[in-house]
Amino acid sequence: MSTPNHHPGEDLLWDYHRGALAPGMALAMQTHAETCPHCRGDLRLFDIMGGAMLEELDGVAMSNNALDLALARIERPEADEVVETVRRPAFLEGFDLPESLKAVKIKNRHWAAPGVWMAPIELEGAPKGSKTYLMSVKSGLQMPEHTHRGREITVMLHGRYRDHKGRYGPGDFAMCDESDQNHTPSMEGDDDCLCLVVQEGPIVPQSLIAWILQPFAGI
Amino acid sequence: MKDDSLGPVITTPEALIARIAQSRDRQAYAQLFTRFAPKLKAFVMGQGMNAQEAEDLAQDVLLKVWRKAEMFDASKATAVTWIYSIARNLRIDAARKAKRTRELPEDLWQSEPPRPADQQLADSQSVHTINGLMETLPEEQKTILRLSFYEDLSHGDIAAALALPLGTVKSRLRLAMTRLKTAMAALVPGDRV
Ligand SMILES: [Zn+2]
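As you go down the protein sequences, you meet chains A and B in turn. Take the first sequence: its letters are residues 1 to 219, numbered as in the working numbering. Take the second sequence: its letters are residues 1 to 193, numbered as in the working numbering.
So that you can see chain B by itself, here it is in the shape it has in the complex (with noise of 0.2 angstroms):
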C-alpha cells in the first residue's frame, strides 16, 4: 500500500480513477470503492434486485472501472455520471442475460470525432453542479425523476402511479430537461447544450 498521505479527504473520484489509468493504484481502487459500492447497491435495489444481485452488480460496475480507467475522459463526464452509465448498461445485460454488450450506447461518454453541429453538453465543471441544479427544479418535476431514476418506472407507469395524463408526465419530464441543459449551458459561456 502507498502512503496515506495523499490526503483521501480533497481526493475527487476524478483523481482516483486517474490515478487508476495511469498507476493501477490500488489504494485509489479502495477509496473509490468504499465510496461508490454502497450507492451502486442501494440503487439497484431500488430499481428491484435483491440484495445479493446488487452486490455483485456494485461488484462488477467497479471492476469495469478498473479494467477501463484509461478510457475515462473528465473533460466529458464527471466520475459519477461515467459510473452511472456503467451500471446503467450492466444491469440492462443482466437483465436480459445477454452475453454482449453491444447493443447499448455504453461509449456515449468516451472519445467521440468532434462535430461542429453536435450538442456540447457540459463539461465536467458544469456537471459538478448539477445536483445543486436538480434541487431547483419544482417538486412535480422532482417527483418524475425520482420514480423515472429510482424505481425504473415507464412514463406511462408514471402516469398511474401520479394519476396524471401522460401527455402531463412527458411535459414535465421535457420542462426538467430543458431548464437542466439551460442552466448547464449558462454555467459555461459558449458551451451549447
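Just chain A, with the same shape it has in the complex (with noise of 0.2 angstroms):
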C-alpha cells in the first residue's frame, strides 16, 4: 500500500498534538495522521520531546495530602468507561472507513448534484461557518469551480483527483484558502472519489451550475 505524499504542515501538526484545533480540523488531522507514517512519526516525536522536556522541569510540591490523596483514590472502583456505539447510516455499508470517522456521527447525505452527494457530520463545538462532511463524486465527474474563504481541508479515503497543484489519493491531506483562485478539482480513474472535507468558511461558487447547486449542498 502506498503512503500518502501531500502532508498537513508543522504548524498544523503542532496544534493538533496541542489540542488547539477546530473539530473538524482535528479529525482530517486524526484521518489523515491514521493512514500517514510519516505524520505519526512527527507527532510521536513531539510526545518524546515533550516527554524530554517534562523530565527536564522543576516540580512544583504537591500539597501535603495529595500521596494520601493518589494511594486513596486508587482504591476506588473504576467508573465503568462508556462506549458509545455509533450506529452507520445505510448508504456507508460497503465503505472502508477509517477508524477516526467510525466514531463519529455521520448525518444523512443529501444528493448535490447528479454523481455527486455529501453527508455532514456532526461535531461537537464546531465554530459558526464551518462545516465536515463526506463528499462522495462518481468518477469521471468534475467539481464545480468555486474559490474558498477561510481555508479548506480534503483528505481523500477512497480514490483520485487531480487539482492545479498535484495529484490526490487515498490518505493524502489537500489544503485550499483563498489564495487559490476558481479551484476546479478533477477526478481520475475509474473509482468513484470519497473524501473527508471540511471548510472554515463558506464556499465561493463561480459558475452558475454551482449557485443552482448551493441551496442542495448547503455550502
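In silico lysine to aspartate or glutamate, DMTMM-like type, Cα no more than 25 angstroms apart, as pairs: (1) K181(B) <-> D11(A); (2) K128(A) <-> D93(B); (3) K76(B) <-> E55(A); (4) K68(B) <-> E78(A); (5) K170(B) <-> E34(A); (6) K64(B) <-> E56(A); (7) K142(B) <-> E55(A); (8) K64(B) <-> E75(A); (9) K76(B) <-> E99(A); (10) K64(B) <-> D80(A); (11) K170(B) <-> D15(A); (12) K181(B) <-> E56(A); (13) K102(A) <-> E200(A); (14) K68(B) <-> D80(A); (15) K76(B) <-> D15(A); (16) K64(B) <-> D68(A); (17) K105(A) <-> E84(A); (18) K181(B) <-> E10(A); (19) K170(B) <-> E200(A).
Rather than coming from a laboratory, the hints here were simulated on the basis of the structure.
Taking the hints as your guide, dock the two standalone chains into a single complex.
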C-alpha cells in the first residue's frame, strides 16, 4: 500500500498535538495520521520531545495530602467507561472507513448533483460557519469551480483526483485557501471518490451550476 | 507495604510501571507519584493552569497510569513519554470540558500492528538519551521548543513573541525535529526513524 504524498504543515501538526484545532480540523488531521506513517512519526516525536521537556523540569510541590489522596483514589472502583456505539448510516455500508470516522456521527446524505452526494458530520463544539462532511463524487465528474473564504481541507479516503497543485490519492491531505482562485478539482481513474472535507468558511461558487447547487449542497 | 530493600534509588519509572502492572504494587505507585506529580504540576501551570487545576490534573494523570499500567509497552516508549502523552490528552479534555476522550490519538503509544513501511520511531533505549540530544540543539531551536512545550504557543504566537517570520519558526522546528530523528536513528542501528 502506498503512503500519502501530501501532508499537513508543521504548524498544523503542532496545533493538533496540543489540541488547539477546531473539531473538524482535528478530525481531518486524525484521519490523515491514521494512514500516514510520516505524520504519525512526527506526532510521536512531539510526545518524545514533550516527555524530555517534562523530565527536565523542576517540579512544583504538591500539597501535603496529595500522596495520601492518590493512594486512596487507586482503591476506589473504576467507573465503567461508557462506550458509545455510533450507528453507521446504511449508505456507508461497504465503505472501508478509517477508525477516526467510525466514532463520529454522520448524518444522512443529500444529493448535490447527479453523481455527487454529501453527508454532514456532526461535531460538538464546531465553530459557526465551519462545515465538515463526507463527499462522494462519481468517477469522471468535475467539481464545480469555486473559490474559498477561509481554509478548506480535503482528506482523500478513496479514489483519486487532480488539481492545479498535483494529484491526490487515499490518505492525502490537501489544503486550499483564498489564494487558490477558481479551484477546479477533477476526478481521475475509474473509482468513485470519497473524501472528508472541512471548510472553515463558505465556498464561493464561480459558475452557474454551482450557484444552482448551492442551496442543495448547503455550502 | 512491601520491604524497602528493593532499592528505590535504582528503580526506573519503567520498572515501577511494570510492578504496578504485574502486582498492583502500591509502593511502586507512591514512588512514581512522588517523582512525576510535581513535574506534571509545574508543566501544566506553565501552560496556564492554576495551582489547583494543575494539582488535580497531576492526580488524574497518575491515576490513569495506575489503571492503564498493563497497556504500557516499554519497547515503544519511555515512561516519561507515555506519561506526557496521558497528560496532554487529559489537559486537552479538561480544556474542552469534553466527556469523551476518543478524539485524540491517545493510543499513539499503545500496541499497533507492525507495518513494514512504518517509521520505527526510536525504541526506548534511544529515547532515554533524548534529553542529551536536545541539549545539543542550537539555542535558537531550543528557544522554539521551550515556547512550544512550556508555554503552549502556536507557531504564529512564537513568531510574534520572537519577532521572527512565521516561516523561520516553522523551519527551525523542522530542523530540530530532523536532527533529533537522525540522531535517534543513529543510536539504534537498523531502526529507521
Ligand atoms: Zn502525513
